[in-house]
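Chain A is fixed; fit chain B with the ligand onto it per the hints.
Protein chains in written order, with the working numbering: chain A, 1 to 313; chain B, 1 to 334.
If you are wondering where the hints come from, they were derived from the structure by calculation, not from laboratory data.
Keep in mind it's a predicted model, so treat the numbers as computed, not measured.
You may find that some hints are simply not true.
Here are the simulated EDC-like pairs of lysine to aspartate or glutamate, each with C-alpha atoms no more than 20 Å apart in a straight line [unchecked claim]:
no.: 1; chain 1: B; residue 1: K246; chain 2: A; residue 2: E29
no.: 2; chain 1: B; residue 1: K37; chain 2: B; residue 2: E26
no.: 3; chain 1: B; residue 1: K269; chain 2: B; residue 2: E249
no.: 4; chain 1: A; residue 1: K134; chain 2: B; residue 2: E325
no.: 5; chain 1: B; residue 1: K246; chain 2: A; residue 2: E122
no.: 6; chain 1: B; residue 1: K319; chain 2: A; residue 2: E122
no.: 7; chain 1: A; residue 1: K283; chain 2: B; residue 2: E181
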Amino acid sequence: MTENEDIPKVEDDALDDEIAGEGLGPAPEGPTATEERRSRQRWKKREVPEGLWLKCESCGQMIYRKELEEKGMVCPACDFHFTLPGRDRVTMVLDEGSFVEHFADLGALDRLHFTDQIPYSEKVKKTEKRTGQKEALICGTGKIEGRPIVLAVLDFTFMGGSMGEVVGEKVSLAADMARQRREPLIIFTSSGGARMHEGMLSLMQMAKTSAALATLNESGGFSICVLTNPTTGGVTASFASVCDITLAEPGALIGFAGPRVIATTLKQELPPGFQRAEFLLEKGQIDSIVRRANLRATLARLVDFGQGAFVKR
Amino acid sequence: MSEPSRPRADSTPPGMAFERPIRELESQLAELEELSKRTNLDISEEVSGLRTRLAEEIASAYADLTPWERVNVARHQDRPTVSDYIERAFDESFELHGDKVFGEDRAIVCSLARIGEQRFLVLGNRKGRTTKERMSYNFGCAHPEGYRKALRKMKLAEKLGLPIVSLINTPGAYPGIGAEERGQATAIAENILAMFSIRTPILVIVVGEGGSGGALGIGIGDRVLMLEYSYYSVISPEGCAAILWKDAERTPDAATALKLTAPDLRELKLIDGVIPEPPGGAHRNPAAALAEMRRAIARELEALQKIPTDELLALRRRKYRRAGEIPGRFPVLD
Ligand SMILES: [Zn+2]
Numbered sequence: 001m002t003e004n005e006d007i008p009k010v011e012d013d014a015l016d017d018e019i020a021g022e023g024l025g026p027a028p029e030g031p032t033a034t035e036e037r038r039s040r041q042r043w044k045k046r047e048v049p050e051g052l053w054l055k056c057e058s059c060g061q062m063i064y065r066k067e068l069e070e071k072g073m074v075c076p077a078c079d080f081h082f083t084l085p086g087r088d089r090v091t092m093v094l095d096e097g098s099f100v101e102h103f104a105d106l107g108a109l110d111r112l113h114f115t116d117q118i119p120y121s122e123k124v125k126k127t128e129k130r131t132g133q134k135e136a137l138i139c140g141t142g143k144i145e146g147r148p149i150v151l152a153v154l155d156f157t158f159m160g161g162s163m164g165e166v167v168g169e170k171v172s173l174a175a176d177m178a179r180q181r182r183e184p185l186i187i188f189t190s191s192g193g194a195r196m197h198e199g200m201l202s203l204m205q206m207a208k209t210s211a212a213l214a215t216l217n218e219s220g221g222f223s224i225c226v227l228t229n230p231t232t233g234g235v236t237a238s239f240a241s242v243c244d245i246t247l248a249e250p251g252a253l254i255g256f257a258g259p260r261v262i263a264t265t266l267k268q269e270l271p272p273g274f275q276r277a278e279f280l281l282e283k284g285q286i287d288s289i290v291r292r293a294n295l296r297a298t299l300a301r302l303v304d305f306g307q308g309a310f311v312k313r
Numbered sequence: 001m002s003e004p005s006r007p008r009a010d011s012t013p014p015g016m017a018f019e020r021p022i023r024e025l026e027s028q029l030a031e032l033e034e035l036s037k038r039t040n041l042d043i044s045e046e047v048s049g050l051r052t053r054l055a056e057e058i059a060s061a062y063a064d065l066t067p068w069e070r071v072n073v074a075r076h077q078d079r080p081t082v083s084d085y086i087e088r089a090f091d092e093s094f095e096l097h098g099d100k101v102f103g104e105d106r107a108i109v110c111s112l113a114r115i116g117e118q119r120f121l122v123l124g125n126r127k128g129r130t131t132k133e134r135m136s137y138n139f140g141c142a143h144p145e146g147y148r149k150a151l152r153k154m155k156l157a158e159k160l161g162l163p164i165v166s167l168i169n170t171p172g173a174y175p176g177i178g179a180e181e182r183g184q185a186t187a188i189a190e191n192i193l194a195m196f197s198i199r200t201p202i203l204v205i206v207v208g209e210g211g212s213g214g215a216l217g218i219g220i221g222d223r224v225l226m227l228e229y230s231y232y233s234v235i236s237p238e239g240c241a242a243i244l245w246k247d248a249e250r251t252p253d254a255a256t257a258l259k260l261t262a263p264d265l266r267e268l269k270l271i272d273g274v275i276p277e278p279p280g281g282a283h284r285n286p287a288a289a290l291a292e293m294r295r296a297i298a299r300e301l302e303a304l305q306k307i308p309t310d311e312l313l314a315l316r317r318r319k320y321r322r323a324g325e326i327p328g329r330f331p332v333l334d
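Bound-form chain A, shown alone:
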């Protein structure tokens, strides 16, 4: 296995994803965590040279990068579905060339002048520069196998998909668009939860998105949420859990309090598979698990079942 000498240390911003949301808890420590972060950092920065091996977050297997990409970032050994950057998700889900992005110019404001180890405003600027995006939510309209839909995708590579004022607003605007266009709303989540740097403004996005969904529901709208790895905190405890159909990708970590928060509180080891998609399915918390390879076809089928939406009865 190749341990890369040319990446000497884990940079701080590789940790930002982990810790911007309130749900995942403190960043993990120790050699395993460091190795995992290195791997994630390389992936995030698209600095994975050809022929490099990546470590599977779930089973620990080293996987040849090209094989992983060919399989849509799904582990060939354990079927773990790696977190997809938001743009890749849009490309994967929608018909080629059908995506029209909306509200891409809405960027985060540092309303509280929040400073931890660095000012929040700087963190946002750095993230904008690295990702070429202004926020963690990508939304717009597009087609899935010819069927028009409104799509909202939370991008974990932008501050861990954490929900601040703009993310909440864009989810709400997506719900409004779905209502106006009388099209199904499809949401993909991957998020550490509410963005702490925006304090109560971020908590209130749980309410705002729910208000928008309530109005969509009243007009007879149809919504589907696909929970992907990881989805925790205030995102799970709001719009992500109250769409008409809740799907999840295999192995996705889904919960209110992240496993590190629970382990710290209870001071005990958590059972294997706890808070994974399969566990949630068994506990009756989600409608179905869908493999990435079948996602487009499944969504198309479900959209067809939603043809009666928006009809007053």
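Frame of chain A; chain B with the ligand shown alone:
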């Protein structure tokens, strides 16, 4: 997310150290009053002088509390609890238990209640006063069945045309294995969604700790008020310090950064008003705090009940769609 553990009942938390001069004067005053009772000595001048000094000390100490000190006041063990308000500020109450699916979560209380001729449903996070109560109420940290119970009773209130009063005092929803298995996130999310469609007035008052999603799960309302020294936050200052600073010592800094105090949140237009507390906080004069609560609830419910229901619901949704927003910042699709 917060840990349910609390400092031991008899120790003064470091965040309350600012009260030391007040406590000293209070005990001096108590001694003096005791002496005057015992001896018939005329020391009324000394007593009244000390009273004045005490009042001044309280006023100056409470004039510029740090956010972290406010959090400590909000958590004070002598601060009136939700049970105190229900038992002592209202004229009548009848508790309704159970989610009728899984179980009874004592961390959330739901009671039919009355102030004068005003009948309503009161919900609240119950923390308990004794150690035994605190344990049985899980330190105010609810499980999914607590949120589901609250929703069930809210639907009853809607049917009966009773307004709803929700008294928030929780460190957060319980982060545990059973809670996750039974859908903690979904329970909270469903309550938030449903509260936007409950066709009866909802008044929310944060009376102590407003702990994140756990608070919001019974916290959507037409009017959201906070007691002067309560706090409301996306995460506990301890949790925030551990995650963002990786240092528990920075908890007071996290409390400041989060803008979690009632005046800060009023300024951000995230709450509708602040209910004043007696000088030196509700824990110093619970009777006055209870009386103020009673007046505030009666006043607010009367005002809310004048609004036609359709308008009330439209206003409720608009309020949260525009919460804290800079006017004109976001597009409006209507
Ligand atoms: Zn694997």
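A quick look at each hint next to the structure:
1. For the given pair, K246 (chain B) sits about 11 Å from E29 (chain A) by alpha-carbon distance, which is consistent with the 20 Å threshold.
2. Our distance criterion of 20 Å between C-alpha atoms is met by K37 (chain B) and E26 (chain B), whose separation comes to about 16 Å.
3. Distance check on the hinted pair: K269 (chain B) and E249 (chain B) sit about 30 Å apart at the alpha-carbon level, beyond 20 Å; violated.
4. Restraint check: the Cα-Cα separation between K134 (chain A) and E325 (chain B) comes to about 18 Å, which is no more than 20 Å; the hinted pair holds.
5. Of the supplied pair hints, the one linking K246 (chain B) and E122 (chain A) holds, its CA atoms being roughly 19 Å apart against a limit of 20 Å.
6. A threshold of 20 Å between alpha carbons decides the hint, and for K319 (chain B) with E122 (chain A) the separation of about 30 Å lies outside it, so the pair is violated.
7. Restraint check for K283 (chain A) and E181 (chain B): satisfied, since their Cα atoms lie roughly 6 Å apart, inside the 20 Å limit.
Hints 3, 6, counting from the list given before, are not met by this structure.
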